[in-house]
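Undergrad: Sequence:
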Amino acid sequence: MGLLALTLLAACLVQGGAAAVLRHSVDASARPLYDILVTAADAGATRPTVLPPNALGGSGTAMKMADVQALRALADVEVAAPIAQLLLPVQQGWRMQLAAAVDPAQLTPSGESYRATLRLLSDDGLGERLLSEERYMVALDQSNAPLDVAAPGSGPESGAMCNIGDVTIDCSLFEWGFEPNRTAAWVLGSGGDLSSGQSDGSVVTVSLPLAFALDQRMTLIDPVAEQALLGDAGSFLNPLVELGGARGRSTEELGAWGSANTGSIAKALAEAAESEAAFRLKMEQGPAYQEYLRVKTERGEPARLADYFGEAQEMYPVLVAEEPTPAPLRAELSVESFGPMALPGTDSYGEMPAFSTPLLNDSAGTPAGTVVQDIPELLDASSYAAVPVWWPGTGALPSSDGGESYAGYIGFGGAVLVDASQPNAVRRGADGAYTAQLDGVGFRTIAVPSGGSSGLSTRADPSVPGAESAYSEPRAAERPPLGEEFETGASVGSFSADELNAIAAVADGIPLGAYEPVDAVLVEDADGEPVAPTPITPTLSGFGLLGAQTSIIGDIRRAGWQDDTIVEAVRVRVAGAERYDGAGIAAVAAAARDIEELGYTATIVAGSHGESVKVSVDGYAFGTTDAAGEQRVGELGVVEQRWTVLGPAAALSTAVGTGTMLLLNTVLLAVLGLLALTEFGATPARRRDAATLRGLGWNRPRIARWFAGEQLVGLLLLLGVAGIALVAAPEPAVALPIVAAGFIGAALICVIATVRATRPSGVRVISAEAMERSYAVEYRPEARIVGGATHSNDPSGRGAAGAASATRAQRRLPISTVSWGLQRAWRRPVAALPMALAVLTAMATVAAFALAIAEISGQGAQAPVGGQVLAAVPQLLLALCGAGVAGALVVRSRGQSAQDGRRLRAVLAATGWPNEDQRRATLAASLAVTLASVLLGSYLLWFALGALGVTSENAIVSSALAAGIVVAVLILVPLPTWRGASRLMRKAVPTDGDAA
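For the sequence shown, counting from 1, position 527 maps to 527 in our numbering; every step adds exactly one.
These aren't lab readings, by the way, just hints derived from the structure by calculation. Do not take every clue at face value.
[As the list claims (entries may be wrong)] With a straight-line cut-off of 25 Å between C-alpha atoms, the simulated DMTMM-like cross-links for lysine to aspartate or glutamate are:
1. LYS267 to GLU499
2. LYS64 to ASP594
3. LYS267 to GLU291
4. LYS614 to ASP431
5. LYS296 to ASP170
6. LYS64 to GLU597
7. LYS614 to ASP519
8. LYS614 to ASP689
9. LYS282 to GLU314
10. LYS614 to ASP527
11. LYS64 to GLU242
12. LYS614 to GLU524
13. LYS614 to ASP461
14. LYS267 to GLU377
15. LYS614 to GLU640
16. LYS282 to ASP166
17. LYS64 to ASP76
18. LYS267 to GLU323
19. LYS267 to ASP498
20. LYS267 to GLU322
21. LYS296 to GLU284
22. LYS614 to GLU597
23. LYS64 to GLU78
24. LYS614 to ASP123
25. LYS614 to ASP439
26. LYS282 to GLU301
27. LYS282 to GLU252
28. LYS282 to GLU242
29. LYS267 to GLU253
30. LYS64 to ASP564
31. LYS267 to GLU242
32. LYS282 to GLU323
33. LYS64 to GLU473
34. LYS282 to GLU377
35. LYS614 to ASP525
All figures in this text were calculated on a predicted structure; none of them were measured in a lab.
Given only the sequences and the hints, what does the whole structure look like? Please build it.
TA: What follows is the structure, encoded as structure tokens:
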């Protein structure tokens, strides 16, 4: 009963590992922004304990918004804030323009041909690196000649027909506003792309055909839940709270919101809505739409504005970063002249420029100057403003954006999920500092030649200048790239780096997934030698060493994304856990268990903190400034970066692990088996007591009550211990079935044993044949058959009968003492069963304990030693109970063997067996049981662990095999004589057939 009580107590505490660690490692007054990080379950993934900046430790499997709703339905969840990270390849090259000053003294057209080489360069902290180099053929007229050029027949003439919806009208009714201007510039890219430009009287501008895809990190959140999570630090999300939701917003809705609010963005929204409304009104009053209305009226059909203006586009409200990506970007424009040339008068229905033969043949021209300028504004993905690259000799002219007051539109086509970089070999040194290894997974280019394509591939040629190392990859999508339903975002607010830093300060080391800085400093070179601390700048791609900081924040509740698997994680705040005292810890642990029961991974983040980690970086593409050269790829060295070290309870599952469940079931069955063996083994003695009481006049019910009273004392004590254990259990509802099963099992064993003990024992006559089967020898002194020989000792002259008996026995008896021992092990299950149970119990207990400890130590590798020990206390207690059962079975087996051995030796000696044969036969019988049990247990364990998918089955089976061998040795090898040993053996096995 004592072992069973301890087993039930341990069973009630097995779910309290994470709570025990929290109690001993987290300040009771601490209250993080949230308590539990929920990610999709992945059976093959280990729980991370150290996270890079803005990573949340997902396994690569995302969730849906339906999963978020399931979490919010839990009674103990106060806030469930989902988050997702998208990468947006925003095409920026179209914003670049060549800008050349007009010569006011030149009044007639004066064209000239050039070769222009544009180089874009950045700096990763190790020096300048070339991003792209593109060569253009340029035809440029910087004269102050008249702007307008008469182009008869170039516009729509009367008689041409156009459509508005299903109505055909004369094209001349449209207010085209078509006035052909003189083309002052032509640019032909190496990929064949051609663009033209005009003069405004002071500057000639022409777009450069350049593909430049700037990767933008977009964070999707539920703004309402995020504000509840962040508190005052989330006030910048107010515009998303007011405008976000399941549907997009029209220009009119955005304008109305802008009119009701203050600030430059709100003003721009209102002005944009007013401008569009004025334009629509003008077009509605124009002759083309009026003719459309006339035709519709004649037909008796309703008019639709959408026939003229198209369907109203809903835009996706977003917040944009006030500062662009803090990476340097520089343009270097070198020009060679190839002499005068005539430009076509207009690019509308006109001729192509005729470039000179030397220019077409790639001959060298006359150097005409080089201009170098910084163009960080190109990195502002939310801006539509042109970025001019000044022509040599232009001088420092003011930037001209055409008076643009609002440039907050962003295209969302092609957005994809991107996994955070996954470091490997994360280790904690003897000094407590963390180190990690980060290897490149591919290469990415963001600026590609004219006619090329960037996309989101990480399979670029690393030797080509401009390729950057990628340390994360796009996640495979289950459907077309996200964002196609809402291809345009409208900025309704902004956030600054200071606001993000304020959130990180409030989080105080708790991982949030979007707001942390990604700064890194190079401290060692590839040879491990210290270097002067060198800050590494963010890459322009979202896959680089530092990744991309959040530059856009959007609403995850969009209707078009409800069925997409995009939710990377959900940050959960538990209801009723205002402090991390006993009640708060219990509430958090209970909520984590409820979440894991839904099939998710719940990570308790209390106690997390930021810490500097030394990261060894390999697969780094070192830049070059030589377009004809090759980049070198190799080991960068060691960078220091601030990572998140999760709290000590983060890696401990609140659910009962596989190893712990195996250990619990094994020990519970073993304890109940030992109880049954003890109770049923005492039946002969109780029957003798019952016979005595029956002789005193007691009837059977009274005898049963007498025995039941003895059993009731133990059961009541067991019930009391079970009640205390349930009160102390972290989750009584979970522990109750286990406790009930143990108590009911013990009660049934006691009832059955009591009923058997009160039944009068019958008289049974054992025949000689039964004795033969029991001892495997003729129970007659005149015959002994071993090895086929007949030994006769027949003073009565019954030689013939003895010979006949010998012939009959020879057909049944083994041929050697060893085989006799093997046969005895098979024919004496009463003696063999305790031995086998002792070996199998020890092996199963050790194997399950090793698996349980491996799970705990693997989960809580970062927990303090004391916390790990506390988390493993229930498993240690269960293992001790299992060891106690095995020890009791060993003692019983030795006592049984000693008792049976005395009787057997008397029989064998009487039949003429030498002492040596007796010892050999007895040893063979014991070895047959123990070795067979060891081999059988090893095979069953190997099979079971393999079926469970345990990867460390070799070590576990080896430890179980060692335990089985130890128990076998304890059963077989004589122990040193000590006072009381014989008394212990006698008490272990009742005499006079009690063990039968």
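Undergrad: Give a verdict on every hint.
TA: Quick rundown of the hints versus the structure:
1. The straight-line distance between the Cα atoms of LYS267 and GLU499 is roughly 22 Å, inside the 25 Å bound, and the hint therefore holds.
2. For the hint linking LYS64 to ASP594, the alpha-carbon distance of about 19 Å falls within 25 Å, and the restraint holds.
3. For the hint linking LYS267 to GLU291, the alpha-carbon distance of about 36 Å lies beyond 25 Å, and the restraint is violated.
4. With a CA separation close to 13 Å, the supplied pair LYS614 and ASP431 stays within the 25 Å bound.
5. Under the criterion of a C-alpha separation no larger than 25 Å, the hint pairing LYS296 with ASP170 is consistent with the structure, at around 15 Å.
6. The straight-line distance between the Cα atoms of LYS64 and GLU597 is roughly 18 Å, inside the 25 Å bound, and the hint therefore holds.
7. At most 25 Å may separate the alpha-carbon atoms for a hinted pair to count; LYS614 and ASP519 meet this at roughly 13 Å.
8. For a cut-off of 25 Å, the pair hint linking LYS614 to ASP689 is broken: about 76 Å separates their Cα positions.
9. As the CA atoms of LYS282 and GLU314 are separated by approximately 22 Å, the hinted pair is consistent with the 25 Å bound.
10. Note on LYS614 and ASP527: the hinted pairing holds, with a Cα-Cα distance of about 15 Å set against a maximum of 25 Å.
11. Under the criterion of a C-alpha separation no larger than 25 Å, the hint pairing LYS64 with GLU242 is consistent with the structure, at around 23 Å.
12. Between LYS614 and GLU524 the CA atoms are separated by roughly 10 Å; this keeps the pair inside 25 Å, and the hint holds.
13. Annotation: proposed proximity of LYS614 to ASP461 is violated, straight-line Cα distance about 28 Å (limit 25 Å).
14. The straight-line distance between the Cα atoms of LYS267 and GLU377 is roughly 22 Å, inside the 25 Å bound, and the hint therefore holds.
15. The hinted pair formed by LYS614 and GLU640 meets the criterion: a straight-line CA distance of about 5 Å does not exceed 25 Å.
16. At roughly 22 Å between alpha-carbon atoms, LYS282 and ASP166 fall within 25 Å of each other, so this suggested pair holds.
17. For the hint pairing LYS64 with ASP76, the CA-to-CA distance comes to about 21 Å; that is within 25 Å, so the pair holds.
18. With a CA separation close to 20 Å, the supplied pair LYS267 and GLU323 stays within the 25 Å bound.
19. Of the pairs offered as hints, the one joining LYS267 and ASP498 holds, with about 23 Å between alpha carbons and a cut-off of 25 Å not exceeded.
20. Using a Cα cut-off of 25 Å, the hinted pair LYS267 and GLU322 holds, with the two alpha carbons roughly 16 Å apart.
21. Between LYS296 and GLU284 the CA atoms are separated by roughly 14 Å; this keeps the pair inside 25 Å, and the hint holds.
22. This hinted pair does not check out: LYS614 and GLU597 have alpha carbons roughly 37 Å apart, beyond 25 Å.
23. For the hint linking LYS64 to GLU78, the alpha-carbon distance of about 19 Å falls within 25 Å, and the restraint holds.
24. Among the hinted pairs, LYS614 with ASP123 is consistent with the structure: their alpha-carbon atoms are about 22 Å apart, no more than 25 Å.
25. The hinted pair formed by LYS614 and ASP439 meets the criterion: a straight-line CA distance of about 14 Å does not exceed 25 Å.
26. Annotation: proposed proximity of LYS282 to GLU301 holds, straight-line Cα distance about 23 Å (limit 25 Å).
27. Under the criterion of a C-alpha separation no larger than 25 Å, the hint pairing LYS282 with GLU252 is consistent with the structure, at around 17 Å.
28. Among the hinted pairs, LYS282 with GLU242 is inconsistent with the structure: their alpha-carbon atoms are about 32 Å apart, more than 25 Å.
29. For the hint linking LYS267 to GLU253, the alpha-carbon distance of about 13 Å falls within 25 Å, and the restraint holds.
30. Using a Cα cut-off of 25 Å, the hinted pair LYS64 and ASP564 holds, with the two alpha carbons roughly 6 Å apart.
31. Annotation: proposed proximity of LYS267 to GLU242 holds, straight-line Cα distance about 16 Å (limit 25 Å).
32. The hinted pair formed by LYS282 and GLU323 fails the criterion: a straight-line CA distance of about 37 Å is larger than 25 Å.
33. Distance restraint check for LYS64 and GLU473: the Cα-Cα separation of roughly 21 Å lies within the 25 Å cut-off, and the hinted pair is therefore satisfied.
34. Note on LYS282 and GLU377: the hinted pairing is violated, with a Cα-Cα distance of about 35 Å set against a maximum of 25 Å.
35. Proximity of LYS614 to ASP525 is assessed by CA-CA distance (about 12 Å); at most 25 Å being required, the pair is judged to hold.
Of the hints listed earlier, those the structure fails to meet are numbers 3, 8, 13, 22, 28, 32, 34, in rising order.
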